[in-house]
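A.B. asks: Combine the two chains into a complex, taking the hints into account.
For the record, the sequence lines run as chains A and B. Count the first sequence with this note's numbering and you get residues 1 to 265, in order. Count the second sequence with this note's numbering and you get residues 1 to 636, in order.
Keep in mind that the hints were calculated from the coordinates and are not lab data. No residue lacks a Cβ here, since even glycine has one placed at the ideal position from N, Cα and C.
Listed next, with one range per pair, are the computed distances between beta-carbon atoms:
{"id": "1", "chain 1": "B", "residue 1": "F472", "chain 2": "A", "residue 2": "F13", "range": "18 to 28 Å"}
{"id": "2", "chain 1": "B", "residue 1": "L393", "chain 2": "A", "residue 2": "F13", "range": "55 to 65 Å"}
{"id": "3", "chain 1": "B", "residue 1": "F472", "chain 2": "A", "residue 2": "D155", "range": "30 to 40 Å"}
Here are some chain A residues pointing at chain B (derived, C-beta under 7 Å):
{"id": "4", "residue": "F57"}
{"id": "5", "residue": "V77"}
{"id": "6", "residue": "G80"}
{"id": "7", "residue": "M81"}
{"id": "8", "residue": "A87"}
{"id": "9", "residue": "E90"}
{"id": "10", "residue": "F100"}
{"id": "11", "residue": "G101"}
{"id": "12", "residue": "M104"}
{"id": "13", "residue": "Y134"}
So the derived list for chain A, only partly shown, Cβ under 8 Å to chain B, looks like this:
{"id": "14", "residue": "P75"}
{"id": "15", "residue": "R79"}
{"id": "16", "residue": "F83"}
{"id": "17", "residue": "Q85"}
{"id": "18", "residue": "F89"}
{"id": "19", "residue": "W91"}
{"id": "20", "residue": "K105"}
{"id": "21", "residue": "P132"}
{"id": "22", "residue": "R148"}
{"id": "23", "residue": "N152"}
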Amino acid sequence: MSDLISNDLNMIFKSPNGGVVHALKDIKFTLKKGQLLTVLGPSGCGKTTLLNIIAGFIRPTSGQITLNGNEINGPGVERGMVFQQGALFEWLTVAENVNFGLRMKKEDPIITAQKVEEWLNIVGLQGLNNTPTYQLSGGMQQRVALARCLINNPDLILMDEPLGALDALTREKMQYLILKIWKETGKTIVLITHSVEEALLLGEKLYVMAPRPGRIHKEYNLPFASMGLKEDLRNIKNLKDFTSKREEILTMIWNMEEEIMGKDN
Amino acid sequence: MFTRILTFLIFVAIIGCIMYGRKVIRTEKVNAVFGNPERAKGGTHWIIVGSSFILLIWLYYSWDIAKSLYPKSANELCQVGKVNDSLLALKYMFPIEERESKTASIIKIENKNLDKFAIEVKKSNIISDQNRQILLRLIEKTKKTISLLTNESLLDNQTKIKILELASRIDQLSMEFQKNDYPYETEEQKNKRLKEAEEEGEWGASGTAIENTVEIPTIPKTDKGLKFHSAAEELKIISDEFFKLKNHNFQYKSTIQEINDEIKKFENEINNDQEITSTYVKDILQIGGRIDYASIFPPNSLKEFEQSIINFEKVQKNEQGSLRLIDIFLFPAGTIVSSGPNCSEQGSGRWLPKLSDTLNKFVLLLKPSVGYKSVPLLWYEMMDVSKIIGFILPDWIADIIPGKYPVHNENGTVEPNFKSKTLDIVSGEFSLFKIPVPMGHIWDSFLRVFLGLVLGIIFGVPLGLFMGLNRFAKGFFDPLIELYRPVPPLAWAPLIISVLGIDNVGKIFLLFMVSFSIMIISARAGASGTQLSKIHASHSLGASNWQILRYVIFPNSLPEILTGVRVSIGMCWGTLVAAEFLAGTTGIGFVENVAKKYFQYEVIWITIFLMGVLGLIFDVTLRRIIDKTIPWRGKG
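Bound-form chain B, shown alone (with noise of 0.2 Å):
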């Protein structure tokens, strides 16, 4: 319901949005010429027909669409597909799909097969010329055997009977199956195969669970399902008595008998070491099995049987109906059809999850109970005061305090003392109140970034400050971090993730080592990069060297250190997703390295859209701050 709505509104604004441009164009100004940034101003008209377009794209190639319109579709094609698949070896058998019939196709093979043994055997000057007579005439008699199963007068009567038995067979289903009341259900078969089918599910990702058991049922749910179901179950058995079927006639028995019964006699006499021989012996054996596997019959006994394959094709395509039309419009890049009896998703609707899917999917990932991996994706947990008291303040506050830590009595407890209670206080083993903090894969994967850029800042700008007004340390600092620098983030991570653990230190260790070498950088040019007269001026006015640090260079290098920032925080952002990937138990990152083995679409789109968004919100706030904090940027 929620898709078709979203459908209709989606055209109701591109229409409407077009129409609107239109109008606007119409009554521009004349003056306004080609060229004229003037031109570019406005256009939130096209901004909603350009998202419109991506959002119906999306709806479309995720096959939300035909999921809305027609939820029944994807299991009733999922039956279209069994009948395929069970008629798949007997039409290969006729040139219907194929150029030519299967048996015309083998006999060619393996006479041309034949041919060239011959050919080699003759010309071979290893061989005996006693061995060569011998493999030459089983050649012949083997290629032989092919005439004796192709010529019609030879065919056995009962053979004849029962093709044409099996032909009768099909055009019975095809009859039958244009019958409305196909395949006669009973009342109680029918309620047991709608109860099996409720029990197995819906079309699309579950609702309930993050992970999806069922992506297209298998059961035919509607009528017209059910009919394909039991014809393709029906076809499947003719299929099967028709390949078991083999048009071994009492001549060519007998022949293959003596053809055996001279190899057996002829592999006694050669010896191991005329291996050629024995090879080419094998080779015609093999010949003769394919030969003797083949259902390869005279030319025109099949006739009845294609014309009944054919017929039915025919008759199956026009029960079909509108599903043909569904399939072609509302599946594109892909179908179900070719997934045969699986029923799967074989296409753009597999790795493009749809939209109502994706935000069912979200809903559920933001409740707190379920998250991800038992993790939720923002959520608060209540903390003590006194784990963040612990936290700030040094064990050692304890350790100082003159006195000895308690010893154990006879009575078997531990009497605390003044040193004791207070190592409970610095270490935060007591309770106070308790403060909601936040928490959670995207709380976690921010935090990460955020104590990382602040740590890069808190050491780079001094730093890079420093280096920019002072030779000793430009030329001290300078080859340590052109060093390190240029090395891609990523190729750290291994030995930082080694050293410092998979957890938060070694992240946000990767990250700070990303932000400062950037701060560094921008802190330098900034500094570097004051006016000469500006330094001369506030010495003129008496203040000091680090009154001119404080008051002029750093205000002066701001705009350079905030673009720094901005720089740092994308590049943050682009290691901490990999790192994640590389290891970790939290984060967006690791969220989608899980999703993607479980092959969870859904969430690998959420991830990749969270990841955007949050990305976008960064890059946001920082150009809001940059605006309010230096607004002389570029005007100086």
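Same shape as in the complex, but just chain A (with noise of 0.2 Å):
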């Protein structure tokens, strides 16, 4: 029982001005351990409101999700989550944001620090131990809030679109260090995103979420992720399969947006 269950997870926000808003709707799925989901969807369909309540950050309205059995309650570290920007502490130098979890739990500094040397260098910024975080590039920063979160050894981890704000070739670099990471590590990882491509090319679970109630609108089960490491990923967005997965996806995401836009005029 080391999966991620949600059961019948709704979530709804009251307005100040006595609007409801049903972000969640019986939100029902299970995530086995070891497996990595991405979450697509139109903006406002509820990803991050998910997202967030796996984290613990906010409680579903009903229904419960379970992490190993235990229901989530409240943010914890066995779940670890890296951000869209980064969110390090940028008072911190990079290796100390990377300790941090370490040294909250107040571990042996001398054994942390080799922790520390190390995932550094898995995620490649070996040497830039002592570099104020501000001084970095996005995607140092990203790779930084990676090592961040995975020096404490979570279950479960969460990615609430961590390449958004990178640029293309960045990102693509950063796609294949967590594919790497997923594989070598065996994590679990909910990872949400914008881009249809990153969604295949990352998701060995692929949700389509639609708005108004935000619902789970179509699940696929992806080969592209297990591929993803021994082949050049760029190869694998030209496979044919791959180009029709995302043309359909495309034109379902659009479908949904045409839909909403409709309703509001």
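C.D. replies: And the structure:
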């Protein structure tokens, strides 16, 4: 039972002027240990709300979500999170940022220093230990955020559009890095993205969510993530299967967006 | 000497830097177009020009350049002032600087007054017909006395001779005045005068005391000065004699007697209830008196006298020579001449102290033995460490030791026991070794700001963070703080000073109140401005609430907090100086306030300068600290 299980999850926001927003409706899914789930959908479909509920930052209105059989009831170390902008502590250096979780646990500084060194090597930031984070580029900042999250050895890694703010080249490198880490560590990962390509490329499982009310519209099981490490990512993108899936999902999202616009008008 | 060298250096610096600046402009890159911020970089030479200009203006308008180039000029100008003062009354008699002669204008005014009375008396229906006739006759008679004074043929021979004599005395003076050896002083007199002049002192502020006793010496020091001084005395005598001289010829005197007799008789006749009539009588008498007192002479009788005065005026202006140029060009925005025999600086030289004097006074103030009001500006004193220990350790430590404090015995002494010995230690009544501790006006002001600020930070930052994170704290404390914060700090001063005293406690508390509210506001803004994703991240990394506060929210609020500290320092500094104005016995504001009472302009300017420099030091130090502690500011 080391799975992430969501059971009829509902999230209703009440706006101050009396309106009610049904952000999530009857979300039901099971994510097995070691799976990489990507969540895709037009804006306002409740992706981030879902992630925040999994992380424990907000409580669902009804339903429950369990990890390893324990109901999620607030933030915890077993669920690491990577944010879009890195959310690094800019008053700390790279090494101190990565070390943050271990320091909070008051672990032996000598051991943690070794671990930090290891993880900086893994994410490709060796030698930047004492650099202040505000001097890093966006891609490097995300690497630090990744290392900071992974050093805590969480069961589940939640990524909220982690590559959204990066340029195309860095993005591809980071996609490769995420895949590599996923393969090597066998962590369960939930990744939210706006990019259809990224969702297809990284997701072992892919949920396309629909808005108003937020729900899982369609579910895919994809082979590309497991191919990713052996083959060049760009070759995968040119596969026929890949392109047809991409077009299918894009059309789906376009239709949803149009529906919303129609409703608005 | 100092000022002369400085002035010269300033001119060299200004000319040199302007030439350098022109060279830089000529060699500038072609692509540096207008609007390119590159063009504002550098420019140290313009800083030199700017500050030199300020210094030059200071030197010029404080008359320091005049003092350094012509140290005797003030004393000489003062003597010229004496001459002007002596001549003043005489000159006013004639249309020299006035529009018309004094006689003419007096006659005009009094004729007008008498005519006015005549009309009023004629129109009045309160006055009885009989009284009206008498009053009109009196007015007519009084008017006639004027013509008795202005009639050339009635002028007494004696008066004529006297006027001519006075005129010739002025002519004589004019002639003598142009001679080099005037006023024929003997060696003995000269030595005496020079000795007295030396005792009186030099022009400018005293270099040996904070108080200034003499501004400009009045006793003439130079031959030129002496000339004017003597002429002024001579003219004063002539002037007095002239104004004693009255054109009261026989006819005039008898007419006046007639009028007076008639009025006396008339006054006896009229009853008290005829108030209006008696008021008119008094007014007529008054006008008569004014005509009597004024020096009214026939139109052409003073011609020679007037010419003599004009002549002397010309001569004395000639004799001033270069002194006139010095007065015009080196004594801007004011004059010494107009102060007359008082010999004081009238104008910018008065309230803008000379640079050399100011430096002198500053050096004097810095001397620990002089200071201000027997407290040095900044010095140190030796303090026994035991006093500090006694201050830190609370006295109740001795009280809780079992036993009783010793009681006196039969021998009339008190034997100390362990309890009393402990009391001596915790109250600091023993001697250890001494360490130097800073003291003085500057230190006191600094310490007050520092302590007020530190207390404000210690209490304000935690409360501000708490208010930024907790609904209860925000709601509970918000009304309190929002009510007291907008009150100008000085409005609290009278209350706080009267409750907590004029010494340090009151002022520190006042400054604490100032910095406290600012620190609360800034810490609260810092805490509530923490990015939610950072809080989320630290939660996910397993940090406890306390750890998040300590390691995430606090460092994240540091930029706001330090900005708050910077604002607080500025506010505290301003409030402190004003609070020291109100009450107290030390501090820079106190010094300025006392100096104001005694017109010690040098000290006032020194305190202004000190406050500026100290404020700058505070700000620069804090900017350094901010750059060091929060290099990420604005880059996160």
